[in-house]
Amino acid sequence: MKKISKIVISLLLLVLLSLSLVGCKQLDDLKNNRGIYLDESKEEIELRGHVYEKVLERIMYGNTEWETYLIADEWSLTVTDKDVPVLLANSYGDTVRYNSRDEEDPVILCVPDYRENNGSVNVFYCRSDYLDTLKAKLDNVELDQFYYTKMMISEPDNKVVYKKQRISEKAAEVIRKTLARPNDPATDLDPQTEYPDYASFKDLRYTDKDLLFTNDINLEVGKTNTGDYYIYGAYSKESSMTEELYWKKVAPEDNALLDELFSSDFVETFVPEDVIH
Amino acid sequence: MVGKLIKYDFQSFFRLLFPVQLIVIGIAGLNRIVQIFENGTSTYKTVFISSIVLLVIACVVALVMSYVIGIIRFYQGLYSGEGYLSHSLPVTSTQHIWSKLIVSMLFECGTLLAIFIAANVATLGEVGVELYKAGGYVAKELFAQVHFNGVVFLIEWLLIFLVAMASSLLMMYFCISIGQLVNRKKILLAFGVLFGLYILGQILATILIILGPVFLNSDAIRTFLQGIFDWAAEHRIAAIHIASLLTLLAQSVLAFVYFLVTERIMTKRLNLS
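Chains as they are written, first to last, in the working numbering: chain W, 22 to 298; chain R, 1040 to 1312.
Read the hints as simulated data drawn from the structure, not as lab findings. These numbers were taken from a predicted model, which means no experiment stands behind them. Cβ coordinates follow ideal geometry from the N, Cα and C atoms, glycine included. Heads up, a few of these hints could be off.
Unchecked claim - Listed below are several chain R residues computed to face chain W (Cβ distance under 8 Å; list not exhaustive):
hint : residue
1    : Val1160
2    : Leu1163
3    : Glu1165
4    : Tyr1176
5    : Val1177
6    : Ala1203
7    : Asp1258
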């Protein structure tokens, strides 16, 4: 019944879409924004004349740089099987998120794979001419940098976009140093019983110097009302399979280096010419 | 004789409606020509949207005209001055009604066909091809789900459509026939009957809404209804068939009642004064 309802709704949308089509240009745009799985195994995608090959899922877990300057309304790619007509791409296809670099065509595609029992998993595809570069980067990746997501406003039309903002090397060094030192009960808090009275916090993720990769470790930096900084995360205890949560206090002399995370210019504006496609 | 009746009515409808149908197709052609000059300017968008709006309005007008002319031709042909000639022919009331009904339905279908042709003209080219591809894909998916039931569904829904069209026209004939029972203000009475039918429908619906919860308080009725819903959920295809057939039956009963009353009035209580 669900499939039949979907089919009936697709038919109605088709009728409405047929009235709204401006003409061939809109059809060309639809074709341009539609990729095709080259076979049933979905190992390859063809999009805008390029072939994209699947890379291992876990290597590129989480976000990639496609979130940089992404204006969701304007960029809408779908990937479908070969036999799906272009007008039904949105109904029968997978919506793709993709990165944006200084090129017209995206380098990396992220296609959610909706698995029946396990929810959805992101599957990554890399443009075939960039694959060797990506693999070389993967071989040498060092997730020793950190980034947070910054909201930006596109000025003429006030659209909200999100940018991955890498923190400075000095701030990153403070975080690395704090995470590396052993837990100090005298200064650190037990998250089971204590909670810093922080005024604001920032979510951080690990990344590499190219802002290309990340992992599934979430960090949180909190600033208290008294001006202290804490880093919240999890670490594995020695000879233990479980992870322990912690609130690690940043050394007072390093507090100033983390002020950039809580700058008052949280929301910036930009004009579309600055968007990197 | 019935054949000649139909032929005469057909010619009458043709003179009135065929130009309208041609205009609809012509506007579609105009729309397609506008698309040749496609560009990103606001002028083009304004012109294109205007042509689309014009096409939609033309389609609606054509449909309404087909319907209204069918009703007018019934009244004029059987209950006005022309009725004297019509009822002097060696044709029964039943044949008169069938003749008018068949021709009205033919031209309503003809208008729908004209609109379909217009849609094809307006989307001529790559857009039309993609639309057909998409339609074919959806149909294929549907038939993959329901198999041969798809054909049966199509037949059922086509029958429902035709019977509903007939029922709608017969309802108008019914109203007009009752209206002509009086000597003055016949049209007004016909509208009054139509309004009365509408009000009756609303009253019945309201009663159902009010009494529904009262009936649902009964455990037996609730259990019975729940059983029906559970069965329908388990046998969805069969449930859709049954619902379609019930709809067809309801429409047929209504159409029959309207036809019967109209025929009786025309036979026993004809008033051409």
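Against the structure, the hints:
Interface restraint check for R:Val1160: the shortest CB-CB distance to chain W comes to about 13 Å, outside 8 Å, so the restraint is violated. For the restraint placing R:Leu1163 at the interface with chain W, the shortest Cβ-Cβ distance is roughly 11 Å, beyond the 8 Å limit, so the hint is violated. With 8 Å as the threshold, the beta carbon of R:Glu1165 comes within range of chain W, its nearest partner Cβ sitting at about 6 Å, so the hint holds. For R:Tyr1176, the interface hint holds, the least distance from its beta-carbon to any beta-carbon of chain W being 5 Å, beneath 8 Å.
The beta carbon of R:Val1177 is positioned within 8 Å of a beta carbon in chain W (closest approach about 5 Å), and the interface hint is therefore held. The interface hint given for R:Ala1203 is violated, since its Cβ lies 19 Å from the closest Cβ of chain W, which is over the 8 Å cut-off. At a threshold of 8 Å, the smallest CB-CB gap from R:Asp1258 to chain W is about 28 Å, leaving the interface hint violated.
Of the numbered hints listed earlier, those contradicted by the structure are 1, 2, 6, 7.
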